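Line by line, the protein sequences give chains A and B.
No gaps in the numbering here: position 92 of the first sequence is 92 in this note's numbering, and each next residue is one more.
No gaps in the numbering here: position 72 of the second sequence is 72 in this note's numbering, and each next residue is one more.
Watch out, some of these pointers could steer you wrong.
Among chain B residues calculated to face chain A with C-beta under 8 Å, some are [to be verified]:
hint, residue
1, ASP22
2, ALA23
3, HIS50
4, PHE53
5, ASP55
6, SER64
7, GLN84
8, THR92
9, ARG93
10, VAL97
List of simulated lysine-lysine pairs, DSBU-like, C-alpha gap at most 30 Å [unchecked claim]:
hint, chain 1, residue 1, chain 2, residue 2
11, A, LYS36, B, LYS86
12, B, LYS67, B, LYS41
13, A, LYS106, B, LYS30
14, A, LYS106, A, LYS84
15, A, LYS33, B, LYS30
16, B, LYS67, A, LYS33
17, A, LYS23, A, LYS84
18, A, LYS106, B, LYS67
19, A, LYS23, B, LYS43
20, A, LYS106, A, LYS33
21, B, LYS43, B, LYS86
22, A, LYS106, B, LYS41
23, B, LYS41, A, LYS23
24, B, LYS86, A, LYS84
Residues from chain B that face chain A, not an exhaustive set, calculated with beta carbons under 7 Å [unchecked claim]:
hint, residue
25, ARG20
26, SER56
27, VAL63
28, LEU94
29, HIS95
30, PRO102
Note that these hints are calculated values from the structure, not bench results.
Here the structure is a predicted model, which is why all the values come from computation and not from measurement.
For glycine and all other residues, C-beta sits at the position ideal for the given N, C-alpha and C.
Each chain, letter by letter, is given below.
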Amino acid sequence: MKNQLEMDIRVPNQTRYLGLIGKIGEDIAYTLKNFKNNRDELAYHINLVLTEAMTNAIKHANQNDPNKEVHITINVSQYNLCIKVYDQGQGFDIREVNIIEPDPTKDHGRGIFLIHSLMDSVSYTRCEHGHVLEMNKSLELDINL
Amino acid sequence: MNVTMEEHGEIVTLRIEEERLDAHNSNELKVQLLTLFEEGKVKIIIDLSHVRFIDSSGLGALVSGFKNASSRQGVLKLCGLQTQVKSMFELTRLHRVFEIFPNSDDAQASY
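Chain A on its own, in the form it takes in the complex (with noise of 0.2 Å):
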């Protein structure tokens, strides 16, 4: 097998999953090897843009509809971490959300925000049954997985 750790989970269109999908992504972190920075840090950021992008694709894409799902892919190779989070809904126009910095005192707004801030990409585009989020980061490890 290739020197590269791909998982793909299905969830029921609840936000009772983002728990386990958080931690999950947090293990991956501690799973790597040679990774040069704060560990603790990415183990955050993981857990954060997998439960920011579950909960868009729960709450907005799939309106909560309890008879829709949300498909994950976690892709990690030697050099980068590829998240996609695929959604069964309409989607929405990821440049009409707020990817700037948002208003301290407003009380929502700062998901899609939180994502392009930790990522090195992100984009949301259509695919087979709905729309899928793809963010990536390169992790710089020293030597492989």
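Assemble the complex: chain A is given as a structure, and chain B must be docked to it using the hints.
Here is chain B on its own, set in the frame of chain A:
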């Protein structure tokens, strides 16, 4: 959501007894705070020392509580932020909005 509530005079301290404050449980915190405001309790301390993870929904619930307390001539303060949780407040500039204290004793003494 598991919360421990203590009252010292006019000041109410809510300690969040959850590892995560996220989109799954943050609305419960909003509702609990609204209940306190409706009872006329507007001097609130939220102790986050047991919270290891907060997302944008959790931050939003705290901002909502802060604004509701302020509009009733009260104030909502925070204490006990773990390192990574504190970094989320800094990333979103919310550390400039809230008064943040190391522990609940310091927060109470500030009123």
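Quick rundown of the hints versus the structure:
A hinted interface residue such as ASP22 of chain B counts as satisfied when its beta carbon comes closer than 8 Å to some beta carbon of chain A; here the least separation is about 5 Å, so the hint holds. Hint status for ALA23 of chain B: holds, given a least beta-carbon distance of 4 Å to chain A, under 8 Å. A least Cβ separation of about 15 Å between HIS50 of chain B and chain A goes past the 8 Å threshold, and the interface hint is therefore violated. Taken as an interface hint, PHE53 of chain B checks out: its beta carbon lies about 6 Å from the nearest beta carbon of chain A, inside 8 Å.
The restraint placing ASP55 of chain B at the interface with chain A holds, with a minimum CB-CB distance near 5 Å, inside the 8 Å limit. With its C-beta approaching chain A no nearer than about 4 Å, SER64 of chain B sits inside the 8 Å limit, and its interface hint holds. With a cut of 8 Å, the hint placing GLN84 of chain B at the interface with chain A holds, because the nearest CB-to-CB distance is about 4 Å. Interface restraint check: THR92 of chain B against chain A, minimum CB-CB distance 6 Å, threshold 8 Å, status holds.
Hint status for ARG93 of chain B relative to chain A: holds, with the closest Cβ pair at about 5 Å, below 8 Å. Contact between VAL97 of chain B and chain A, as hinted, is supported at the beta carbon level, the nearest pair being about 5 Å apart and thus within 8 Å. The straight-line distance between the Cα atoms of LYS36 of chain A and LYS86 of chain B is roughly 22 Å, inside the 30 Å bound, and the hint therefore holds. In summary, the hint linking LYS67 of chain B to LYS41 of chain B is supported, as the alpha carbons are separated by about 14 Å, within the 30 Å threshold.
For the given pair, LYS106 of chain A sits about 14 Å from LYS30 of chain B by alpha-carbon distance, which is consistent with the 30 Å threshold. Of the pairs offered as hints, the one joining LYS106 of chain A and LYS84 of chain A holds, with about 28 Å between alpha carbons and a cut-off of 30 Å not exceeded. The suggested pairing of LYS33 of chain A with LYS30 of chain B is violated, with an alpha-carbon distance near 41 Å, which exceeds 30 Å. Using a Cα cut-off of 30 Å, the hinted pair LYS67 of chain B and LYS33 of chain A is violated, with the two alpha carbons roughly 44 Å apart.
Taking the CA atoms of LYS23 of chain A and LYS84 of chain A, the gap is near 16 Å; set against the 30 Å cutoff, the hint holds. Between LYS106 of chain A and LYS67 of chain B, the direct Cα distance comes to roughly 9 Å. Compliance with the 30 Å bound is thereby established for this hinted pair. The straight-line distance between the Cα atoms of LYS23 of chain A and LYS43 of chain B is roughly 34 Å, outside the 30 Å bound, and the hint therefore fails. Between LYS106 of chain A and LYS33 of chain A, the direct Cα distance comes to roughly 40 Å. Violation of the 30 Å bound is thereby established for this hinted pair.
Under the criterion of a C-alpha separation no larger than 30 Å, the hint pairing LYS43 of chain B with LYS86 of chain B is consistent with the structure, at around 22 Å. A threshold of 30 Å between alpha carbons decides the hint, and for LYS106 of chain A with LYS41 of chain B the separation of about 23 Å falls inside it, so the pair holds. Pair hint LYS41 of chain B plus LYS23 of chain A does not hold up; C-alpha atoms about 36 Å apart against a cutoff of 30 Å. Straight-line distance between C-alpha atoms of LYS86 of chain B and LYS84 of chain A comes to about 27 Å, which keeps the hinted pair within the 30 Å bound.
Because the closest C-beta pair between ARG20 of chain B and chain A is about 5 Å apart, less than 7 Å, the hint holds. Restraint check, SER56 of chain B versus chain A: the minimum CB separation of about 4 Å is within 7 Å; hint holds. The interface hint given for VAL63 of chain B holds, since its Cβ lies 4 Å from the closest Cβ of chain A, which is under the 7 Å cut-off. For LEU94 of chain B, the interface hint holds, the least distance from its beta-carbon to any beta-carbon of chain A being 5 Å, beneath 7 Å.
For HIS95 of chain B, the suggested interface contact is broken, since its CB lies about 9 Å from the closest CB of chain A, more than 7 Å. This hint is violated: PRO102 of chain B has a C-beta 20 Å from the nearest C-beta of chain A, more than the 7 Å allowed.
The structure fails to meet hints 3, 15, 16, 19, 20, 23, 29, 30 from the earlier list, while all remaining hints are met.
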